[in-house]
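Peer 1: Given the coordinates of chain A, assemble chain B onto it according to the supplied hints.
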Amino acid sequence: MSKIIVVGATSAIAHETAKNFAKENAEFFLVGRNPEKLETVRNDLCVRGAKNAEVYVLDLNELNRHQEMFDAALKVLGGLDAIIISHGTLGDQAKSEASVDDTLREFSTNALSVISLLTIVANYMEKQRYGTIAVVSSVAGDRGRGSNYVYGSAKATVTAFLQGLRNRLAKSGVTVLTIKPGVIDTPMTAHLKKGLLTAQPSKVGLDIYNAMKRGKDVIYTPWFWRYIMLIIKNIPEPIFKKLSL
Amino acid sequence: MSLLNNFGHYQSWGRYPKETPKEAVPLYWRSELPDLAAFKESLLAYGYGRSYGDSCLNADGVLLDSSLLRRFIAFDRENGIIRCEAGVQLADVLEVIVPEGWFVPVSPGTKFVSVAGAVANDVHGKNHYSAGTFGCHVTQFELLRSDGQRFICSPTQNVELFRATIGGLGLTGLILWVEFKLKKIPSPFILAENIRFSSLDEYFEVAAESDKNFVYTVSWTDCITSGKEMGRGIYTRGNFYNPGVKATPPLKKGLKLLAPFDMPSFLLNPMSMYSFNLALYYKQVRKRSQKITHYNPFFYPLDSVVDWNRMYGLPGFLQYQFVVPDNDNHYAIKEIYRRITASGQGSFLAVLKNFGPIKSPGMLSFPSEGVTLALDFAFKGQKTLDLLNDLDSVVRDAGGRFYPAKDARMSPEDFQESYPNWQEFAKYVDPHFSSSFWRRVTEPLTQTEQHEKLHLVGSRNGTK
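In order, the protein sequence lines correspond to chains A and B. Going by our numbering, the residue at position 226 of the first sequence is 226; the numbering climbs one at a time, nothing skipped. Just add 245 to wherever you are in the second sequence, counting from 1, and you've got our numbering.
In isolation and in its complexed conformation, chain A is listed as follows (with noise of 0.2 Å):
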């Protein structure tokens, strides 16, 4: 996997990942909104051994722009082996249930820009048969939960929607990667109360880097959540309901 594009590369999880493939010399395309935090990942993975590392800035929001951002990643890699799709928001669920318009943008973020993306790239693989797609989805999108349901569902919708782009490229030798982490330590949790359960960005982009080797389909990292999730999964809907997750 040498030529590879890495959508959100300024996320700790986005940027630990690369950094496993930047040690066998891989060449990046980052894409993310801000430019100086991309350089500066785009340094460290230069030093850590990425042949090349191009970046282009783009909010993921403006869909009209993604063929566009597409079309310039072939043109500087000159080919395509895997894509990590690792940008999103974990919003404010309070503000999100008072505004239909706070609710709608976080929806776009996390899901329609993601589909978006994906489907621009699903046909370009299934053309080349052969490629890997890896999306940072999350356990959030197992079960809706009333303390983040908005961000919830919309990893919900990119967890089917891969499902089923899994299903339509299994013919075309096309690996599709759901990655499911549980409650990381990054900056986008850093207003949350760290727990026991609480993993590291690292541990996090070492799981993904593996399963992406591996061809695997859908991991959980840590892995325990997977189990956590199933207990979750199962509750019936009557008690579920009256809980406070």
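Treat the hints with caution; some may be incorrect.
[As the list claims (entries may be wrong)] With a cut-off of at most 30 Å between alpha-carbon atoms, the simulated DSS-like pairs for lysine-lysine come out as follows:
#: 1; chain 1: B; residue 1: LYS267; chain 2: A; residue 2: LYS51
#: 2; chain 1: A; residue 1: LYS51; chain 2: B; residue 2: LYS426
#: 3; chain 1: A; residue 1: LYS193; chain 2: A; residue 2: LYS233
#: 4; chain 1: B; residue 1: LYS579; chain 2: B; residue 2: LYS625
#: 5; chain 1: B; residue 1: LYS536; chain 2: A; residue 2: LYS193
#: 6; chain 1: A; residue 1: LYS23; chain 2: A; residue 2: LYS127
#: 7; chain 1: A; residue 1: LYS51; chain 2: B; residue 2: LYS473
#: 8; chain 1: B; residue 1: LYS267; chain 2: A; residue 2: LYS194
#: 9; chain 1: B; residue 1: LYS473; chain 2: B; residue 2: LYS356
#: 10; chain 1: B; residue 1: LYS356; chain 2: A; residue 2: LYS51
#: 11; chain 1: A; residue 1: LYS127; chain 2: A; residue 2: LYS233
#: 12; chain 1: A; residue 1: LYS23; chain 2: B; residue 2: LYS428
#: 13; chain 1: B; residue 1: LYS532; chain 2: B; residue 2: LYS263
#: 14; chain 1: A; residue 1: LYS23; chain 2: B; residue 2: LYS429
#: 15; chain 1: B; residue 1: LYS263; chain 2: A; residue 2: LYS193
#: 16; chain 1: A; residue 1: LYS23; chain 2: B; residue 2: LYS579
#: 17; chain 1: B; residue 1: LYS457; chain 2: B; residue 2: LYS532
#: 18; chain 1: A; residue 1: LYS241; chain 2: A; residue 2: LYS95
#: 19; chain 1: B; residue 1: LYS356; chain 2: A; residue 2: LYS23
#: 20; chain 1: A; residue 1: LYS194; chain 2: B; residue 2: LYS285
#: 21; chain 1: A; residue 1: LYS193; chain 2: B; residue 2: LYS267
#: 22; chain 1: B; residue 1: LYS356; chain 2: A; residue 2: LYS203
#: 23; chain 1: A; residue 1: LYS194; chain 2: B; residue 2: LYS356
#: 24; chain 1: B; residue 1: LYS532; chain 2: B; residue 2: LYS579
#: 25; chain 1: B; residue 1: LYS356; chain 2: B; residue 2: LYS267
#: 26; chain 1: B; residue 1: LYS536; chain 2: B; residue 2: LYS356
#: 27; chain 1: A; residue 1: LYS194; chain 2: B; residue 2: LYS604
#: 28; chain 1: A; residue 1: LYS51; chain 2: A; residue 2: LYS203
#: 29; chain 1: B; residue 1: LYS625; chain 2: B; residue 2: LYS473
#: 30; chain 1: A; residue 1: LYS216; chain 2: A; residue 2: LYS180
#: 31; chain 1: A; residue 1: LYS127; chain 2: A; residue 2: LYS213
#: 32; chain 1: A; residue 1: LYS203; chain 2: A; residue 2: LYS193
#: 33; chain 1: A; residue 1: LYS75; chain 2: A; residue 2: LYS171
[As the list claims (entries may be wrong)] Restraint-style ranges between C-beta atoms, simulated for each label pair:
#: 34; chain 1: A; residue 1: ALA170; chain 2: B; residue 2: GLU277; range: 38 to 44 Å
#: 35; chain 1: B; residue 1: LEU278; chain 2: A; residue 2: LYS213; range: 33 to 39 Å
#: 36; chain 1: B; residue 1: GLU450; chain 2: A; residue 2: LYS213; range: 40 to 46 Å
#: 37; chain 1: A; residue 1: LYS213; chain 2: B; residue 2: GLU277; range: 30 to 36 Å
#: 38; chain 1: A; residue 1: VAL100; chain 2: B; residue 2: THR687; range: 31 to 37 Å
#: 39; chain 1: B; residue 1: GLU277; chain 2: A; residue 2: GLU24; range: 28 to 34 Å
#: 40; chain 1: B; residue 1: ASN487; chain 2: A; residue 2: TYR227; range: 51 to 57 Å
These are computed hints drawn from the structure, not numbers from a lab. The beta carbon of each residue, even a glycine, is placed where N, CA and C say it ideally should be.
Peer 2: Same frame as chain A, now just chain B:
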């Protein structure tokens, strides 16, 4: 890193004194730093808390967690110069540079220190005689002051701030990134020799002969045994192994990699200190032996045991490291050993080493030509403090000084006398920055207040 920093319990390595900051602020991006002047409390950067005492603590103040600034900025592979953010660990640097044939110019006994911490403490290593301190190899760094001003400091730019920040314990401001010169190495292996010496006099003989031909030298010594064999131990000396014209051989081909220095397994057995030191001394079966070892166990034997400091339990432990000029037939160091062996309070590990004459640019730099001894004592309350006060007087009389990075209790008088340019340094301390250490050694309590404070903390931990 929340796990490394104990879920937000920002302690020091010795876990003594137990002080908490009012707030710890993670710094994620150099391009998005908080306004330092907006904080009401004093500030201090915190990396990975590898300082033993209170030089990395800021009780009731604010700690700026720079462990998130952990990215590389540039690496000149040809000339061996690397630039990285303040929170990059030496371990991270080694991971990147060793495969390219480079090594860090100076390294302390753990690689889990941040580069900014290495600068702020002006760390030294086994190669002090030939290479000086870390500060001697720093080409430049960027310092952010609380008024928002940024300074690029180097031996030729903002020179006073450069000299104040090296060894400046984080008090001059927030270091954002550090650039330093690396050392070219012929392989990642060390050709090492272990020599058993049976007394302090013999140590000094071996040391004198070794410093000329070996870059890396250090010794582990026994501070339990008194009498004729007082100060016996094992002297280790080595150089990077040069395989010559042939390509670096892999471990299997011909070169027998003998067991690495397995200090940790001994250290952490709850054996009595006497038998521990006995075993250590006689482990070195032949008087002199040679082996080729990978750099990791040679430089970082204790790093393989994560969180070894916890073995001392909740009361924590006190590290005690000083340097004394070596003259007068090694009187001072022998007197120190006499008093420790007489006290019955041993240290699991005592590290004895000679410092060379290379001067650091740092104003508060600790190493000076002479002999240094580093010890840890389980904190047993007043009797430990009494012993250390007793040893202080020997160090003081010999014109020596203590290492701030390890210190939790040196007196303000000793600090001010043994670091005579501390007032010159104080001019460069940022008005918004402070540390528990700095307040302790420059704003002294009365003797009684200080003893009370330390004694109270000791008994609260259940030690009597």
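Peer 1: Can the restraint linking B:LYS536 and A:LYS193 be considered satisfied, given a maximum Cα separation of 30 Å?
Peer 2: 50 Å, violated
Peer 1: Has the given pair, A:LYS241 with A:LYS95, been kept, meaning a C-alpha gap of at most 30 Å?
Peer 2: 21 Å, holds
Peer 1: Keeping to a limit of 30 Å between CA atoms, is the pair of B:LYS579 and B:LYS625 held or broken?
Peer 2: Holds - the C-alpha atoms of B:LYS625 and B:LYS579 are around 24 Å apart, at most 30 Å.
Peer 1: Has the hinted range 40 to 46 Å been met by the Cβ atoms of B:GLU450 and A:LYS213?
Peer 2: At roughly 56 Å between Cβ atoms, A:LYS213 and B:GLU450 fall outside 40 to 46 Å, so the hint is violated.
Peer 1: Straight-line Cα separation of A:LYS203 and A:LYS193 no greater than 30 Å?
Peer 2: Holds - the C-alpha atoms of A:LYS193 and A:LYS203 are around 19 Å apart, at most 30 Å.
Peer 1: Hinted pair, alpha-carbon criterion (30 Å max): A:LYS51, A:LYS203. Please report holds or violated.
Peer 2: Judged against 30 Å, a Cα distance of about 24 Å means the pair holds.
Peer 1: For B:ASN487 and A:TYR227, compare the CB-CB distance with the range 51 to 57 Å and indicate the outcome.
Peer 2: Given range 51 to 57 Å: holds, Cβ gap about 52 Å.
Peer 1: For the pair we were handed, A:LYS75 and A:LYS171, check the Cα-Cα distance against 30 Å.
Peer 2: 27 Å, holds
Peer 1: Is B:LYS473 close enough to B:LYS356, meaning Cα to Cα at most 30 Å?
Peer 2: Not OK: B:LYS473 and B:LYS356 at ~36 Å, beyond 30 Å, violated.
Peer 1: When you check the alpha-carbon spacing of A:LYS23 and B:LYS579, does it fall within 30 Å?
Peer 2: 51 Å, violated
Peer 1: Quickly compare the C-alpha distance for B:LYS356 and A:LYS203 to 30 Å and report which way the hint goes.
Peer 2: 20 Å, holds
Peer 1: Under the criterion that the straight-line Cα-Cα distance not exceed 30 Å, is the pair B:LYS356, A:LYS23 satisfied?
Peer 2: 20 Å, holds
In summary, the structure is inconsistent with hints 1, 5, 7, 9, 11, 13, 16, 27, 36 and 38 from the numbered list given earlier, while agreeing with the others.
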